[in-house]
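Please model the complete structure; the sequences and the hints are all you need to start from.
Given next are the chains, with one letter for each unit.
2 protein chains.
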Amino acid sequence: MAKEKRNAISPTRAENYPEWYQQVVKAAQLAENSAVRGCMVIKPWGYSLWENMQRALDKMFKDTGHTNAYFPLFIPVSYLQKEAEHVEGFAKECAVVTHSKLELNAEGKLVPASPLEEPLIVRPTSETIIGATYAKWVQSYRDLPILVNQWANVVRWEMRTRLFLRTAEFLWQEGHTAHATRAEAEEETAKMLGVYADFAQNYMAMPVICGKKTEGEKFPGAVDTYCIEAMMQDRKALQAGTSHFLGQNFAKASGIQFLAEDGKQQFAWTTSWGVSTRLIGGLIMTHSDDDGLILPPRLAPTQVVILPVIHSEAERAKIMEYCDLLKKQISEVKYCGAEVSVALDARDIRGGEKVWGWIKKGVPLRVEVGPRDIASDSLFVSTRFDGSKKSVPRGEFISTLPEMLSSIQDAMFARALKYRQDNTRIIDSKDEFYSFFTPKNEDNPEIHGGFAMTYFSGNPEVEEQLKKDLKVTVRCIPLEGGEPEGVCPFDGAKASRRAVFAKSY
Amino acid sequence: MAKEKRNAISPTRAENYPEWYQQVVKAAQLAENSAVRGCMVIKPWGYSLWENMQRALDKMFKDTGHTNAYFPLFIPVSYLQKEAEHVEGFAKECAVVTHSKLELNAEGKLVPASPLEEPLIVRPTSETIIGATYAKWVQSYRDLPILVNQWANVVRWEMRTRLFLRTAEFLWQEGHTAHATRAEAEEETAKMLGVYADFAQNYMAMPVICGKKTEGEKFPGAVDTYCIEAMMQDRKALQAGTSHFLGQNFAKASGIQFLAEDGKQQFAWTTSWGVSTRLIGGLIMTHSDDDGLILPPRLAPTQVVILPVIHSEAERAKIMEYCDLLKKQISEVKYCGAEVSVALDARDIRGGEKVWGWIKKGVPLRVEVGPRDIASDSLFVSTRFDGSKKSVPRGEFISTLPEMLSSIQDAMFARALKYRQDNTRIIDSKDEFYSFFTPKNEDNPEIHGGFAMTYFSGNPEVEEQLKKDLKVTVRCIPLEGGEPEGVCPFDGAKASRRAVFAKSY
Chain A
314 MAKEKRNAIS PTRAENYPEW YQQVVKAAQL AENSAVRGCM VIKPWGYSLW ENMQRALDKM
374 FKDTGHTNAY FPLFIPVSYL QKEAEHVEGF AKECAVVTHS KLELNAEGKL VPASPLEEPL
434 IVRPTSETII GATYAKWVQS YRDLPILVNQ WANVVRWEMR TRLFLRTAEF LWQEGHTAHA
494 TRAEAEEETA KMLGVYADFA QNYMAMPVIC GKKTEGEKFP GAVDTYCIEA MMQDRKALQA
554 GTSHFLGQNF AKASGIQFLA EDGKQQFAWT TSWGVSTRLI GGLIMTHSDD DGLILPPRLA
614 PTQVVILPVI HSEAERAKIM EYCDLLKKQI SEVKYCGAEV SVALDARDIR GGEKVWGWIK
674 KGVPLRVEVG PRDIASDSLF VSTRFDGSKK SVPRGEFIST LPEMLSSIQD AMFARALKYR
734 QDNTRIIDSK DEFYSFFTPK NEDNPEIHGG FAMTYFSGNP EVEEQLKKDL KVTVRCIPLE
794 GGEPEGVCPF DGAKASRRAV FAKSY
Chain B
314 MAKEKRNAIS PTRAENYPEW YQQVVKAAQL AENSAVRGCM VIKPWGYSLW ENMQRALDKM
374 FKDTGHTNAY FPLFIPVSYL QKEAEHVEGF AKECAVVTHS KLELNAEGKL VPASPLEEPL
434 IVRPTSETII GATYAKWVQS YRDLPILVNQ WANVVRWEMR TRLFLRTAEF LWQEGHTAHA
494 TRAEAEEETA KMLGVYADFA QNYMAMPVIC GKKTEGEKFP GAVDTYCIEA MMQDRKALQA
554 GTSHFLGQNF AKASGIQFLA EDGKQQFAWT TSWGVSTRLI GGLIMTHSDD DGLILPPRLA
614 PTQVVILPVI HSEAERAKIM EYCDLLKKQI SEVKYCGAEV SVALDARDIR GGEKVWGWIK
674 KGVPLRVEVG PRDIASDSLF VSTRFDGSKK SVPRGEFIST LPEMLSSIQD AMFARALKYR
734 QDNTRIIDSK DEFYSFFTPK NEDNPEIHGG FAMTYFSGNP EVEEQLKKDL KVTVRCIPLE
794 GGEPEGVCPF DGAKASRRAV FAKSY
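Chains A and B are the protein sequences, given in the same order. Just remember that the working numbering sits 313 ahead of the position in the first sequence, which is counted from 1. Just remember that the working numbering sits 313 ahead of the position in the second sequence, which is counted from 1.
By construction, these hints were calculated from the structure, which means they are not laboratory data. Warning: the hint list may mix true and false statements.
Any copy will do: because identical chains look the same in the list, a pair fits if it lies in one copy or spans two.
[To be verified] Simulated pairs of lysine-lysine, DSS-like, Cα-Cα distance not exceeding 30 Å:
(1) 647 x 375
(2) 405 x 781
(3) 641 x 372
(4) 422 x 395
(5) 339 x 731
(6) 395 x 405
(7) 641 x 504
(8) 449 x 372
(9) 339 x 577
(10) 372 x 647
(11) 395 x 414
Given below as structure tokens:
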């Protein structure tokens with residue numbers, strides 16, 4: 314076993330959570346800031362993770378009848394203006410293209426030239442440009458439904474950015490569908506929320522609450538916004554995906570009309586739904602610890618890494634031969650329908666540095682192979698998730714590998730779920746609510762209560778007050794529940810449901 | 314068999330080649346123009362084709378040791394300016410972002426607000442922004458090589474656009490590598506050109522000539538540009554992919570330096586290489602005919618379509634049951650390592666319309682199933698590529714399907730290669746050269762000779778003259794060849810090689 318000089322993330326979560334997050338991202342080589350304000354570089358390890366997320370989600374979208382297409386990056390300003398709430402929501406922070414050329418001025422400096430007749434904005438989301446296209450595609454009820462998704466980059470000129478969680482440019486997918494009936498569009502909205510919850514829980518091992526946004530928190534232009542909300546390890550909520558029922562708002566704004574079976578001209582009913590590279594931020598903050606990233610096996614770009622432990626050149630050939638064979642055997646094992654992804658790290662660097670590199674990158678299983686392991690045909694196996702280490706006969710390792718990966722995946726979900734449950738409280742009094750959200754430790758104001766399940770009547774003034782006093786918002790009204798009617802502790806009004814209140818990203 | 318009312322593309326290739334191209338794109342539902350000048354909407358059928366291209370190329374890139382990453386959409390103007398030739402090449406046509414907000418003016422019109430300190434351009438290519446990142450990543454020779462690819466959208470504000478061939482926004486991949494030695498970077502440049510040629514010929518069934526660009530035609534900032542050039546059916550050349558040896562130009566501009574093994578500080582050697590959605594234009598123009606698109610089996614989103622022929626409701630259940638089973642059997646057949654992609658078109662529309670829809674979409678094999686076919690357990694099979702039709706026993710169809718698809722793939726390549734050979738001429742006199750490139754038919758000035766293989770000394774004045782007189786350029790100096798030295802017929806200078814001269818896209 315290589316010597317492991319302790320080399321954890323500094324600061325720890327308890328010391329400074331936001332800075333711990335940045336250091337985990339850095340140590341795992343996931344992403345970094347670029348010279349362009351708010352735009353990140355997604356590094357190979359981070360991008361591989363995104364590719365795995367994309368692959369799984371893309372299959373789920375296709376299995377539910379969707380196809381991919383691609384729409385323009387630019388949106389004419391006049392399009393944005395068609396939907397009043399929408400323009401309100403996005404005009405405040407967008408990249409505006411005004412010229413189509415650069416020219417050298419008298420001082421030899423490149424300056425914008427050839428002004429455009431109408432400025433364009435870089436898409437912050439594509440409802441308007443896609444709506445204009447669908448208006449051309451749809452004539453009759455026979456042209457519906459349209460079930461299309463787009464993988465794309467979008468830009469929102471955010472003032473305060475944080476890698477993955479909030480960046481000016483980010484990668485995402487946006488599904489845009491059009492339907493002949495309200496019921497069908499509502500069903501689609503619910504279905505895609507279900508797909509997101511399935512992905513979050515079964516691939517990311519991240520428990521989520523499915524719910525509906527309040528009027529104040531919904532997507533600009535939507536009738537209803539549904540979301541999945543997850544609890545991070547600072548007990549804040551992360552909105553991890555949204556599915557919008559847009560009613561006929563965008564169909565009317567864009568003119569998506571069709572001749573119905575009854576011969577009448579009608580507006581279509583549309584939906585949109587999206588998840589983004591923000592999910593990577595959620596993955597990091599759900600599972601990682603003070604040693605760095607921890608990846609769930611189903612999304613890890615490398616599921617097993619083999620680390621040859623070579624103390625003398627005389628041993629090298631024999632150890633490498635054993636490791637090459639081992640790599641081949643591992644790569645033939647199937648886990649979740651695909652071959653196990655295995656890397657052999659033969660770099661000539663110090664053992665401790667090597668081990669810590671993989672710990673920080675979050676690879677689920679590390680397998681160290683030295684002369685004594687070979688002598689007993691055993692492997693020294695370390696599990697990233699719980700730090701356990703044990704010697705396992707090679708044959709047993711190969712035959713039980715799928716179960717090992719599965720049990721790590723399950724245990725990660727269970728640990729995250731327990732964390733959320735331990736930090737969720739049913740609260741029925743205003744005092745308790747305020748106390749719950751007051752940081753216990755002055756040195757680390759990030760750490761507070763967690764999720765409060767509290768009756769909410771829908772009063773926007775209550776939302777305003779809580780945001781102002783505590784920076785707490787209604788994350789969602791959970792879809793599951795069914796508790797008896799109660800009373801909102803803030804305004805005394807009757808409320809049919811408890812909402813999830815939390816601080817959030 | 315469904316009645317097939319003739320419903321071909323109008324105009325034909327011979328009548329008006331450019332318009333034929335637009336109509337093929339439209340009829341196959343590949344793409345359409347959007348409201349944003351020069352930006353296209355890639356429709357689901359076109360995007361599926363792109364996904365198949367991406368999947369094959371991405372695997373080839375990974376098999377040659379590359380990983381994917383993602384870099385910012387925006388490039389500060391000052392970055393572009395670092396490489397003198399580069400800025401010259403791209404500043405003339407680029408989307409310039411100057412503001413980060415829209416505000417309502419006094420007339421209620423949205424106008425740009427919050428001007429940026431430094432304007433940004435939307436990436437036309439990413440050498441400069443990626444170079445700035447690599448400068449941070451590279452310290453020592455141990456950090457090299459960097460072998461990274463990016464799948465992204467790019468924008469070049471082209472004045473005259475044509476779907477897929479030349480659009481303001483397009484999708485592409487751009488590989489960017491950095492190496493410790495010149496030899497290694499040159500090897501990488503050649504290797505990736507080889508990957509492109511392999512992809513073009515073995516997936517797209519599109520024969521290409523691998524060659525080197527002249528000084529005047531190379532990428533702005535490159536030392537050497539290599540390319541693959543294909544002949545379209547109007548005998549023009551299409552540059553289908555490029556691989557650039559950038560020397561130390563961009564490393565010096567961006568400051569990519571490393572401490573070499575000998576302890577000296579050195580600049581890295583870099584390469585870049587890319588193919589884009591333009592390949593789809595090449596695919597269309599290489600294979601399609603006056604009936605529409607023809608897709609090579611290896612890239613077709615649907616390889617086989619089943620068309621039930623139902624004349625009476627009484628037959629429906631039986632025919633659909635047979636077709637469902639057939640679909641299952643076909644989808645279990647393996648071709649090139651993957652399951653055959655099969656669609657069952659049960660739409661309730663006229664048979665002729667249905668058949669012609671699939672003809673125009675270019676699906677390699679159509680299988681019609683009516684009552685008489687079922688009675689004899691046979692299928693009526695039509696091959697898109699050569700229009701052949703025959704009845705085939707079901708069992709034989711299933712067992713020979715991989716060979717049928719392979720032979721179509723091979724025959725498509727052979728037909729395209731023959732077309733190029735038939736329209737390529739070795740020319741050693743100026744008169745013959747001018748006559749070769751003069752349209753034979755006044756009504757259709759697009760149709761001319763084809764490729765001329767002519768000695769070229771490298772004289773840029775010759776290039777200028779030919780461009781002016783004939784719109785003919787040197788497409789490349791082929792890498793293969795080895796003919797004895799000759800004389801350039803234009804300036805009488807000695808020339809070591811024949812170049813490929815052609816009109817081009």
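Requested in this report: Run the structure past the numbered hints and jot down the numbers of the failing ones, going up.
Outcome: Failing hints: none at all.
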